[in-house]
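S.K.: Using the sequences provided together with the hints, build the complete structure.
Protein chains in written order, with our numbering: chain A, 38 to 150; chain B, 392 to 505.
Be aware that one or more of the hints could be misleading.
Calculated Cβ distances over 10 Å to all of chain A for the following chain B residues [to be verified]:
#	residue
1	THR404
2	GLN408
3	ASN409
4	THR411
5	ARG422
6	ARG450
7	LEU452
8	ASP454
9	PRO461
10	THR503
Pairwise CB distance ranges, derived in the manner of DEER restraints [said to hold, decoys possible]:
#	chain 1	residue 1	chain 2	residue 2	range
11	B	LEU451	A	SER45	21 to 29 Å
12	A	LEU107	B	ARG450	28 to 36 Å
13	B	SER453	A	GLY78	20 to 28 Å
Honestly, the hints are just simulated from the structure, not real lab data. Remember, it's a predicted structure, so these values are computed and weren't measured experimentally. All C-beta atoms, glycine included, are put in the ideal place defined by N, C-alpha and C.
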Amino acid sequence: SQKIEQNSEALNIQEGKTATLTCNYTNYSPAYLQWYRQDPGRGPVFLLLIRENEKEKRKERLKVTFDTTLKQSLFHITASQPADSATYLCALRLSGSARQLTFGSGTQLTVLP
Amino acid sequence: DTGVSQDPRHKITKRGQNVTFRCDPISEHNRLYWYRQTLGQGPEFLTYFQNEAQLEKSRLLSDRFSAERPKGSFSTLEIQRTEQGDSAMYLCASPLAGGGNEQFFGPGTRLTVL
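M.R.: Structure below.
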């Protein structure tokens, strides 16, 4: 069966360190992989997209990697800040589908001051 | 603010009642999605519109659920005879045009069925 797993439900790190979140998938062939941030009581907010033929994407303090052989994406936040505390969701858009996104269950990141 | 609005933000209802939610997407986006999110889970796809046509529905969308987008602008999601298991956040999203499909989500409607 198809499955998307995010490494842990919760991750605590110290301010200034790099947070690394993992997204693994099975039995998918995604065209794109996306990362979203979600704060409590709010809708997800788009952060980054990476295509199947790309290895790495960066945006300010964010970096995403995509390994279609390992079926894994890593999401890094460098120089983390307490304001980065949120739930981070990975999502796949499958090839040839109606283009809906399939989401993982998210990782709740807490950056401790 | 993503430009997608949803109304109401919160709805508390008794089991067996009908509820209707509204979504106003970004005006120039012709595609619109509804998702449902329960606590500790990611959003799950419910249904998809391109303009006024409902092109895909998830098996999660039982016959108690109906969605419309009559003029290809705003959309409504109705749940009839609500059940406690319908309690969730209902999210509307409209994507950018083009292949990436980055989605702009509304703030959601939090439904609580007592």
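S.K.: Could you work out which of the previously given hints the structure breaks and list their numbers from low to high?
M.R.: 5
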